[in-house]
Amino acid sequence: MRLLPTITGPGDLRDLSKDQLNQLAEEIRQFLITSVSATGGHLGPNLGVIELTIALHRVFSSPRDTVLFDTGHQSYVHKLLTGRQDFSRLRCADGLSGYPSRAESVHDVLESSHASSSLSWADGIAKGRELRGEQSRRTVAVIGDGALTGGMAWEAINNIAVSNRRVVIVVNDNERSYAPTVGGMAQHLATLRTTSEYEKMLDWGKTALQRSGPPGRFAYDTLHGVKKGLKDVVAPQGLFEDLGMKYVGPIDGHDLDDLEHALRRAGSFDGPVLVHAITRKGNGYAPAREHEGDQFHSVGVIDPDTGKALSGSGKSWTAAFAEEMVQIGAERPDVVGITAAMLIPVGLHKFAAAYPDRVYDVGIAEQHALASAAGLAFAGLHPVVAIYATFMNRAFDQVLMDVGLHRAGVTMVLDRAGVTGPDGASHHGMWDLAMLSIVPGIAVAAPRDTERMVAELREAVEVSDHPTVLRIAKDDVPEEIPAIDQVGGVDVLHRGETEDVLVVCVGPMAGIGLDVAQRLTQQGIGATVVDPRWVLPVDDGVLTLAGRHRLVVTIEDGLRAGGVGTHVAQAIRDGDIDVPVHNLGLPSRFLSHGSRRELLAEAGLTAQHIGRDIVERMARLPEPVVNSRASTNGRVHEDRRS
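Take 1 as the starting number for the sequence shown in this note's numbering and just add one per residue.
Since no wrong hints were added, every one of them can be taken at face value.
In the DSBU-like style, the derived pairs of lysine-lysine whose C-alpha atoms are separated by at most 30 Å in a straight line are:
hint, residue 1, residue 2
1, Lys127, Lys246
2, Lys18, Lys246
3, Lys308, Lys350
Just the calculated beta-carbon pair ranges, DEER-fashion:
hint, residue 1, residue 2, range
4, Arg14, Gly124, 21 to 31 Å
5, Gly267, Thr34, 27 to 37 Å
6, Ala379, Pro356, 11 to 21 Å
7, Thr34, Gly488, 52 to 62 Å
8, Gly128, Gly488, 48 to 58 Å
9, Thr306, Ala330, 30 to 40 Å
10, Pro537, Ala286, 48 to 58 Å
The hints are simulated quantities; they were obtained by calculation from the structure and are not laboratory data.
Since we're looking at a predicted model, the values are computed, not measured.
Even for Gly, the Cβ is constructed at its ideal location relative to N, Cα and C.
Could you put the whole structure together from the sequences, leaning on the hints where they help?
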């Protein structure tokens with residue numbers, strides 16, 4: 001009899017025998033391989049935490065005890081054990097989220113997929129329970145060794161360690177975040193993996209001495225001081241204990257008996273404790289284990305038997321960037337790359353292979369990445385910081401004060417900008433334009449195709465006296481869209497028979513802009529479609545063109561409020577150009593998961609929606625004065641209704 005369908009909640013696990021638990025673990029493994037192969041998702045991380053998650057839910061009583069998953073991409077097993085077994089639409093609209101979701105279950109608490117925050121949450125929850133007299137409720141945070149490279153995790157540990165609150169930190173140590181974990185903490189944990197016999201020796205010595213009467217106890221007390229120094233040399237778990245935190249491990253993260261024993265021991269302590277579990281990413285699935293790059297951290301649709309991709313796709317923006325960086329590296333020995341634990345996902349792996357001494361993987365440390373980049377620029381190099389757009393949020397202070405204030409020649413390449421699709425609210429790169437637009441002196445480019453991406457990246461690395469940004473989408477690169485003219489620095493992509501509407505498109509929205517123009521032509525409305533290329537600051541060419549038209553419409557896949565459209569409207573207003581401006585972009589709310597196409601449609605960012613909207617707005621405009629398209633004075637009418 002299959003066991004997985006009988007599991008409706010964590011309580012169902014507690015009556016299972018050892019053989020049944022092992023059977024359940026194997027059923028979960030096969031379920032994940034089959035289902036995630038069909039939908040895509042984070043396969044490797046979840047195959048690595050099957051036994052760990054089963055043990056957690058047998059030892060702790062969720063939701064009375066709170067279990068937090070840092071980053072959250074390893075929560076599939078948790079979902080299966082808490083009554084969510086329909087994975088048919090995983091990460092699709094109206095299907096299960098790929099991350100914890102409070103809307104799905106009371107067992108889910110921490111929804112953000114930005115790494116290293118779980119320990120701060122655990123600290124706050126434990127403090128709250130102490131004040132409410134609920135100390136018997138335990139707080140458990142599961143965090144990967146990769147996330148431990150984030151400084152925020154150590155800020156939390158610094159606070160947790162000095163308390164007597166019941167916080168259990170479970171380190172899921174698979175030597176990887178996406179790819180192999182880097183940095184001093186990775187080396188520290190690697191040392192711990194080799195010293196599993198040390199605690200057994202200490203426990204034996206303590207027991208033997210304390211049982212031998214007063215002389216033995218005196219000897220133990222005397223030697224205990226020596227132990228602290230010895231421990232730092234022989235077994236560096238002394239680091240955690242010196243901070244005031246008990247340490248349990250390292251233990252085999254795939255042995256249910258060992259895991260349960262360690263977790264029960266940890267749960268019995270009155271103060272904070274760290275449990276160090278050694279796991280294998282992709283455990284039990286040969287194609288994942290044999291994948292050197294990231295052990296199937298995240299996959300598309302694949303053949304479950306071979307692990308080979310089934311869904312063909314075109315060339316991605318990331319792949320195009322990766323190739324061009326190698327070319328630039330050959331020409332410019334001063335160009336260096338920086339990434340925050342995501343060498344392959346952001347496309348710096350080829351550059352690293354060609355120029356290994358010129359790439360710095362700083363771990364999950366975006367703040368350090370940007371401040372370090374400012375230092376590299378000061379030292380005479382030109383750093384290219386490749387990072388997901390959503391993770392740039394974490395480093396805003398460094399962008400503003402370390403890079404911007406010092407006018408550092410740093411190029412930031414923001415991957416997954418705009419709507420990213422299946423990874424949901426905390427992965428959409430929709431905040432970047434509004435956030436970066438307030439940094440004095442910054443220049444932001446948004447390429448519409450590969451040719452523009454190559455040109456704009458090369459233009460960016462030539463700048464040495466202020467920061468530059470290149471934003472690219474999580475998508476295949478569209479077909480080339482040639483310019484038919486250029487006004488200032490603005491590419492003109494289409495001209496209608498009349499100059500009725502100026503459509504200003506940001507990056508990959510150019511294709512939609514051209515579709516809009518065709519629809520407007522059928523309605524007798526002439527549209528000029530342009531791509532500013534460098535969208536911030538606003539190019540004078542946009543103002544020149546705006547003055548010739550009756551309506552200006554901006555289209556972007558970032559926030560409407562505070563985005564490029566807002567700055568276009570302000571520039572038109574400052575130029576005393578009398579033309580209404582209508583800004584189109586993403587609403588100021590957290591978007592759910594779904595395909596990029598679905599989410600853009602939900603926001604009204606389709607050619608059909610936009611075309612209909614423009615027709616209605618044009619019908620409300622007064623008839624133009626004959627032979628006059630603009631006034632040199634007056635007011636701009638910024639219409640920001642959705």
